[in-house]
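2 protein chains.
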Amino acid sequence: MEITAPKKGTLKAIAAELGLSITTVSRALAGYSDVAEATKNRVRAAAAAADYVPNSAGKMLVTGRSGFVGFLLPVRETAILDPFLGEYITGLSAGLAEQGRDLFMTTVSSSQSEATVLKHIVDAGRADAMVLTRIAEEDERVDFLVKRGFPFVAHGRTLDHSDYSWIDTDGKQAFSDLFQWLYQELGHKKIGLLSITESMTFRRYREDGLIGAIKDCGDPDVTLTTRHVPRFDTASWGEAIRSMLESENRPSAIVALTDELALSVLEHAASLGVSVPESLTVIGYDNIPAAHYSNPGLTTFDQSIRSTAQQTAGLILDTLDTPDQIQQKLVSPIFIRRGSHGPAPKPVPNSLKTVSKTKG
Amino acid sequence: MEITAPKKGTLKAIAAELGLSITTVSRALAGYSDVAEATKNRVRAAAAAADYVPNSAGKMLVTGRSGFVGFLLPVRETAILDPFLGEYITGLSAGLAEQGRDLFMTTVSSSQSEATVLKHIVDAGRADAMVLTRIAEEDERVDFLVKRGFPFVAHGRTLDHSDYSWIDTDGKQAFSDLFQWLYQELGHKKIGLLSITESMTFRRYREDGLIGAIKDCGDPDVTLTTRHVPRFDTASWGEAIRSMLESENRPSAIVALTDELALSVLEHAASLGVSVPESLTVIGYDNIPAAHYSNPGLTTFDQSIRSTAQQTAGLILDTLDTPDQIQQKLVSPIFIRRGSHGPAPKPVPNSLKTVSKTKG
DNA sequence: CAGCCTTTCCAAAACGTTTCGGATGGACGA
DNA sequence: TCGTCCATCCGAAACGTTTTGGAAAGGCTG
Chain A
10 MEITAPKKGT
20 LKAIAAELGL
30 SITTVSRALA
40 GYSDVAEATK
50 NRVRAAAAAA
60 DYVPNSAGKM
70 LVTGRSGFVG
80 FLLPVRETAI
90 LDPFLGEYIT
100 GLSAGLAEQG
110 RDLFMTTVSS
120 SQSEATVLKH
130 IVDAGRADAM
140 VLTRIAEEDE
150 RVDFLVKRGF
160 PFVAHGRTLD
170 HSDYSWIDTD
180 GKQAFSDLFQ
190 WLYQELGHKK
200 IGLLSITESM
210 TFRRYREDGL
220 IGAIKDCGDP
230 DVTLTTRHVP
240 RFDTASWGEA
250 IRSMLESENR
260 PSAIVALTDE
270 LALSVLEHAA
280 SLGVSVPESL
290 TVIGYDNIPA
300 AHYSNPGLTT
310 FDQSIRSTAQ
320 QTAGLILDTL
330 DTPDQIQQKL
340 VSPIFIRRGS
350 HGPAPKPVPN
360 SLKTVSKTKG
Chain B
10 MEITAPKKGT
20 LKAIAAELGL
30 SITTVSRALA
40 GYSDVAEATK
50 NRVRAAAAAA
60 DYVPNSAGKM
70 LVTGRSGFVG
80 FLLPVRETAI
90 LDPFLGEYIT
100 GLSAGLAEQG
110 RDLFMTTVSS
120 SQSEATVLKH
130 IVDAGRADAM
140 VLTRIAEEDE
150 RVDFLVKRGF
160 PFVAHGRTLD
170 HSDYSWIDTD
180 GKQAFSDLFQ
190 WLYQELGHKK
200 IGLLSITESM
210 TFRRYREDGL
220 IGAIKDCGDP
230 DVTLTTRHVP
240 RFDTASWGEA
250 IRSMLESENR
260 PSAIVALTDE
270 LALSVLEHAA
280 SLGVSVPESL
290 TVIGYDNIPA
300 AHYSNPGLTT
310 FDQSIRSTAQ
320 QTAGLILDTL
330 DTPDQIQQKL
340 VSPIFIRRGS
350 HGPAPKPVPN
360 SLKTVSKTKG
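If you read the protein sequences in the order shown, they are chains A and B. Residue 201 in this note's numbering sits at position 192 of the first sequence; the count goes up by one each step and never skips. Residue 110 in this note's numbering sits at position 101 of the second sequence; the count goes up by one each step and never skips.
These are computed hints drawn from the structure, not numbers from a lab. Be aware that a few hints might be false.
Because identical chains cannot be distinguished in the list, a pair is counted as satisfied if it fits within a single copy or across any two copies.
Said to hold, decoys possible - With a cut-off of at most 25 Å between alpha-carbon atoms, the simulated SDA-like pairs for lysine to any residue come out as follows:
1) K181 to R213
2) K17 to R157
3) K68 to Y41
4) K17 to H129
5) K128 to T19
6) K128 to T72
7) K338 to G323
8) K21 to D132
9) K68 to T19
10) K16 to D333
11) K16 to L70
Let's have the full structure, built from the sequences with the hints guiding it.
And the structure:
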């Protein structure tokens, strides 16, 4: 027996075994150039043999970094975690893993506020950075982190989003393009918008995109009928949808803010005998899995969540490396044409179309 | 200016401010008896004023504990996180927060195996203990943690579950009691069992409970029809359910392994014109929120997930305090009577009933 | 008043890592 | 031969906490 063998699995143990100093072992593993190639190899071999994994506390103490990125799971009571989040988390986790970081998720229980949990994470140094999602037009979490100067990336943005890093899909452009397509290519003039009551920023951008495009086209015959429903209160959607479908001035195309809403429109249309796409066009947003299996398949926008999540991980890296440099990314969703769209049922007799391309 | 003011928000800073030693400040905050009450108060006040939060890395380094409890989120690709998990996580998180611990969740991306992620967490000391869920009859995660001697609590159990801590609901007893009630109180003799193909332990226990009770009752007229379907492949359920419902020897009571399955039975029964509960009794298990809103309301077992999750947090505490003492808890689910059950449609003319209590 | 016990406090070590500022030895140029 | 430079290595400090093993001071007992 030696005097005292150092505890297994530490730099000290490897150093003792190899007759080197702790410094050299540390630097060899970190790949510094001031340690001989031969030595590096010896060290690497010994480390591998000993199943060496650096103690995170030791590293954290000296670097001040935990290697964790924090995420607040928006699970409330019995609420379901939607497919969007599931995929996003998976992508984010994978992206961070590539950087050697871990994703640290927490829920907020009913007894705490989201702000309390956030404060705890920041104060206790549980995470080096945060990822925020489901951003509202005004968001106290964003305000808190900005004020504290704590690194974070928002997936989505607040109304005033100049002074922090975010990544978002360009819903405004998407809905603007969408209207132009509906109008010019398919001849729709009676547009229905099914939106949510909650004041989320993405709602505003999408609505603005649609409304702005309608204004810009300058056609006085174009009408817009809008209904707002509570986002997660599925039970209350029916009334709004039926009132749109049963109105004597029924829209020929209904644009829904999310796929969930669009699918609900599809269901009610079926039960009311309104055929899609012959007499009604329905467009969604998100491209959730169910959108693929509906009948007819839902025409919608794909946010490529996985890739967005990966990019978020990249932004986190940037934010940590260069904290004072903010990064903002707007990604364009991809339009997915499935079966829920078609030309407007009653083509206007002799209108003043600008360009009239017929889809091949 | 002082020589060098210690960094804000550390024990050293508070000690310097108060003219005390670091030791005393540390012990005062920890509530040791060898520091005067007056001093304790001074320290507490100063700590509060400075918004002092102990640096977790420092604490971790010396105690060897991270304060994290790990949890592997079973999110796979686009798979939805079910309501069960959402509630469980929330409860677990709340229970751990009371102990000053944090719940550290990770997903496993498609490129890694669950075992790899688990190994990483254990090796890197990311968590002090683990919570495992969705336990299979044989489970490599359980084996791994047992072999490594790493503290964990399983929610559910493997077939051989003698040497680790777990908490589970007593599905065997529940299904056994269920049959007795169906048979003795409601007069059902043609039982259908809709189960899953996956070899989960909870499946086996529930099946065993039902089958055992049927054997025990000794009535040769009792028949059991069983169908196994893939748990998450909802599309494939219909065939199995219809074959049961359309069989000329249709069961008068169908017992489903989960509420999802039971609700699907309800739907198919409705579309086939089989009235529930008049000509068919349907029983579920889990009491998911949707079970409350179905038509008729689903009679099922409630696992009181929230409370189970809280208890899991308690078990974690025990496991960390007394690592060599294993804890095993079997909790009884609560039977929830709603509208999907009724007496057997054709009462047997003149049978040999043992006890015949009629429900009031 | 001496000895002992209590109360209250503290110095120093330890945890495992990274990194700064050398130290050592040999090769090479002058 | 001496000085310079490079390649390679290492000692020691630092991060912030907990804990061990006292130490100092005062009160009490005899």
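Okay, the hints, checked on the actual structure:
1. K181 to R213: Answer is within: at 8 Å inside a copy they meet the 25 Å cutoff, but 52 Å across does not.
2. K17 to R157: Only across copies: K17 and R157 sit 15 Å apart there, 40 Å inside one copy, limit 25 Å.
3. K68 to Y41: Answer is within: at 17 Å inside a copy they meet the 25 Å cutoff, but 30 Å across does not.
4. K17 to H129: Between. Shortest inter-copy distance 17 Å satisfies the 25 Å Cα cut-off; intra-copy 34 Å does not.
5. K128 to T19: between (33 Å within a copy, 17 Å between copies)
6. K128 to T72: both (21 Å within a copy, 24 Å between copies)
7. K338 to G323: within (11 Å within a copy, 44 Å between copies)
8. K21 to D132: between (31 Å within a copy, 17 Å between copies)
9. K68 to T19: both (12 Å within a copy, 18 Å between copies)
10. K16 to D333: Between copies only: 22 Å across, 41 Å inside.
11. K16 to L70: For K16 and L70, both the intra-copy (19 Å) and inter-copy (14 Å) Cα distances are at most 25 Å.
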